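Residue numbers (this note's numbering), protein chains in the order written: chain P, 1 to 125; chain W, 1 to 337.
Incorrect hints may have been included.
Stated by the list, open to error - Here are the computed lysine-lysine pairs in the BS3-like style, where the Cα-Cα straight-line distance is at most 30 angstroms:
hint: 1; chain 1: W; residue 1: Lys153; chain 2: P; residue 2: Lys72
hint: 2; chain 1: P; residue 1: Lys52; chain 2: W; residue 2: Lys153
hint: 3; chain 1: P; residue 1: Lys72; chain 2: W; residue 2: Lys269
hint: 4; chain 1: W; residue 1: Lys153; chain 2: W; residue 2: Lys280
hint: 5; chain 1: W; residue 1: Lys269; chain 2: W; residue 2: Lys280
What the hints assert, rightly or not - Here are the simulated distance ranges between beta carbons:
hint: 6; chain 1: W; residue 1: Glu147; chain 2: P; residue 2: Ala41; range: 19 to 29 angstroms
hint: 7; chain 1: W; residue 1: Ile271; chain 2: P; residue 2: Leu76; range: 35 to 45 angstroms
hint: 8; chain 1: P; residue 1: Leu76; chain 2: W; residue 2: Ser198; range: 35 to 45 angstroms
hint: 9; chain 1: W; residue 1: Asp76; chain 2: P; residue 2: Glu48; range: 25 to 35 angstroms
hint: 10; chain 1: W; residue 1: Asp227; chain 2: P; residue 2: Ala41; range: 43 to 53 angstroms
hint: 11; chain 1: W; residue 1: Ala99; chain 2: P; residue 2: Glu48; range: 39 to 49 angstroms
hint: 12; chain 1: W; residue 1: Phe116; chain 2: P; residue 2: Leu76; range: 37 to 47 angstroms
hint: 13; chain 1: P; residue 1: Asp107; chain 2: W; residue 2: Arg134; range: 16 to 26 angstroms
hint: 14; chain 1: W; residue 1: Asn88; chain 2: P; residue 2: Pro91; range: 29 to 39 angstroms
hint: 15; chain 1: P; residue 1: Asp5; chain 2: W; residue 2: Arg134; range: 14 to 24 angstroms
hint: 16; chain 1: P; residue 1: Gln62; chain 2: W; residue 2: Gln149; range: 12 to 22 angstroms
Bear in mind the hints are in silico, worked out from the structure with no lab data behind them. All of these numbers come straight from a predicted model, not from anything done at the bench. Here a beta-carbon is modelled for each residue, glycine too, at the ideal position from N, C-alpha and C.
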Amino acid sequence: MAPDDFSVLILEDQFLLAMDLASKVEQIGCSVIGPYRNVQAAMQALEEIVPKAALLDINLGQGSTSEPVAEKLQTLGVPFAFITGYSSDIPIVQRFGGVPYSSKPIDVSKVQSLLATLMPIDKAS
Amino acid sequence: MTLEQDNYLDIEDAQNRRNAAALAAGNIGVFEFEPQSRRAFWDDRIRQLWGAEPHDEIDYDYVVSKVDPRDRQLHDDATASALDPDGNGEMDFEYRLIAGPDRPETWVRAKAKCKFENGRPIMLVGTVEDITVRKLAELRNELLLRELQHRLKNTMAVVSTIVNQSRRTTDSVDELAASLTLRLRALAGAQDVLQKNSWEDVELSYILQDAADAFSLDEQRLRTTWDDTYLIPEQYVMSMSLALYELASNSLKHGALKEADGVVDISCKQIDGQNVFVWKELGGPNVATGPLPRTGFGSVLLLDVLPSELEGTASYMAEGGEVSYTLNFKPTVQNGA
């Protein structure tokens with residue numbers, strides 16, 4: 001399977017963090033869909049393309065969270081993980097119990113192990 | 001049976017006397033519970049607190065029916081534990097009463113002690129206190145701490161990214177240390193500004209003022225023209241601060257602020273539905289017309305990060321020998337005001 005088939009949607013409102021995460025995902029050999037900065041942009045993208053997996057920040061600023069996108073991904077059957085500054089005891093992580101979670105900051109090996117729980121990426125270069 | 005007649009209120013220990021004093025203060029009620037009959041006896045204050053009619057018969061099922069479903073297990077466990085002959089017979093826990101359209105969320109603290117005879121629980125006697133005000137304040141504090149932790153970790157992630165990015169385009173360790181220190185100062189400045197603004201959207205002029213103060217630049221050197229207030233969304237204050245520190249530092253090293261009589265004109269205006277921020281250097285070294293060369297993470301900040309986050313466009317260029325940075329960005333909706 002070509003690495004590009006391992007497409008990962010990224011939802012992160014802070015450009016620097018999104019850029020950094022995107023480059024880490026690419027380092028692992030996956031392709032990036034996005035990054036998207038808000039719920040609206042991510043939802044719109046999901047109308048047109050279904051990624052293999054997704055990495056979601058939780059707090060998207062201005063009181064908004066990635067919860068609607070998480071719900072949509074669940075409906076689509078797309079596995080996803082949260083990467084957040086919150087600790088895992090916040091309601092949204094609890095609500096999606098069993099969804100992998102990682103605290104910020106995150107390094108390449110953590111991105112890799114997180115993605116490996118979502119899809120068989122060990123085949124990607 | 002009234003409470004006054006009851007033996008178990010013929011109190012001996014100091015705790016119960018304190019409770020009795022608190023009763024008079026009005027937010028504590030007294031209850032008894034007889035495990036064998038599963039009947040409970042409530043005073044008027046508890047009845048009031050729980051919304052029970054004066055003559056309602058109270059049994060354990062009635063009690064539980066008024067407890068918030070989320071805390072029913074807790075209530076059952078606490079009761080069972082207090083009635084356990086092998087335990088210490090004490091009860092002390094906090095739980096929610098069921099809320100309704102005409103009932104706000106109510107938190108109570110139940111404290112009680114069970115009397116045993118021949119190894120069997122005979123009567124549980126105690127108090128229920130309305131602790132809603134304190135509990136809601138505690139929950140607010142928890143929420144604030146959680147937000148603070150989120151911000152702290154987010155900032156650490158930003159720092160981690162800055163380190164990685166700065167490393168790619170910096171040759172010497174000294175240079176790397178200097179550029180990291182500058183950027184950490186910018187992040188610290190952003191925290192100050194955010195804190196003073198209660199972590200809400202911040203006026204651009206405040207962020208600029210912080211940068212000016214950090215480099216000891218007065219109004220003679222940074223001349224500002226502001227025709228309105230321009231709010232920067234709270235989650236992008238860090239980037240704006242990083243960008244302004246970058247501009248000031250660049251100018252002090254290579255641009256107009258390096259010269260004794262060099263100045264920077266800074267303006268923000270609304271033009272065609274966009275906010276236009278301009279940093280224009282005057283009296284600096286002559287620079288060839290055209291976009292400034294991209295020189296690393298500073299350029300990324302100014303030309304990629306900020307315009308992307310603020311949904312606009314940016315240019316950093318020289319014209320007629322003078323350097324200017326222009327940022328067009330989307331107006332934010334004024335909150336409050």
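The hints, checked one at a time:
For the hint linking Lys153 of chain W to Lys72 of chain P, the alpha-carbon distance of about 27 angstroms falls within 30 angstroms, and the restraint holds. Restraint check for Lys52 of chain P and Lys153 of chain W: satisfied, since their Cα atoms lie roughly 28 angstroms apart, inside the 30 angstroms limit. For the suggested pair Lys72 of chain P and Lys269 of chain W, the alpha carbons sit about 40 angstroms apart, so the restraint of at most 30 angstroms is broken. Straight-line distance between C-alpha atoms of Lys153 of chain W and Lys280 of chain W comes to about 35 angstroms, which puts the hinted pair past the 30 angstroms bound.
For the given pair, Lys269 of chain W sits about 14 angstroms from Lys280 of chain W by alpha-carbon distance, which is consistent with the 30 angstroms threshold. For the hinted restraint 19 to 29 angstroms between Glu147 of chain W and Ala41 of chain P, the CB-CB distance of approximately 24 angstroms keeps it satisfied. For the hinted restraint 35 to 45 angstroms between Ile271 of chain W and Leu76 of chain P, the CB-CB distance of approximately 42 angstroms keeps it satisfied. At about 38 angstroms, the beta-carbon gap between Leu76 of chain P and Ser198 of chain W stays in the expected band of 35 to 45 angstroms.
About 51 angstroms separates the C-beta atoms of Asp76 of chain W and Glu48 of chain P, a value inconsistent with the hinted range of 25 to 35 angstroms. Range check, Asp227 of chain W to Ala41 of chain P: Cβ separation about 31 angstroms, and the 43 to 53 angstroms hint is violated. About 43 angstroms separates the C-beta atoms of Ala99 of chain W and Glu48 of chain P, a value consistent with the hinted range of 39 to 49 angstroms. Checked against the hint of 37 to 47 angstroms, the pair Phe116 of chain W and Leu76 of chain P fails, with Cβ atoms roughly 59 angstroms apart.
A hinted range of 16 to 26 angstroms is violated for the C-beta pair Asp107 of chain P and Arg134 of chain W, which are about 42 angstroms apart. Range check, Asn88 of chain W to Pro91 of chain P: about 34 angstroms between beta-carbon atoms, so the 29 to 39 angstroms window is met. A beta carbon spacing of about 55 angstroms between Asp5 of chain P and Arg134 of chain W contradicts the range 14 to 24 angstroms that was offered as a hint. In this structure, Gln62 of chain P and Gln149 of chain W meet the distance hint of 12 to 22 angstroms, their C-beta atoms being roughly 19 angstroms apart.
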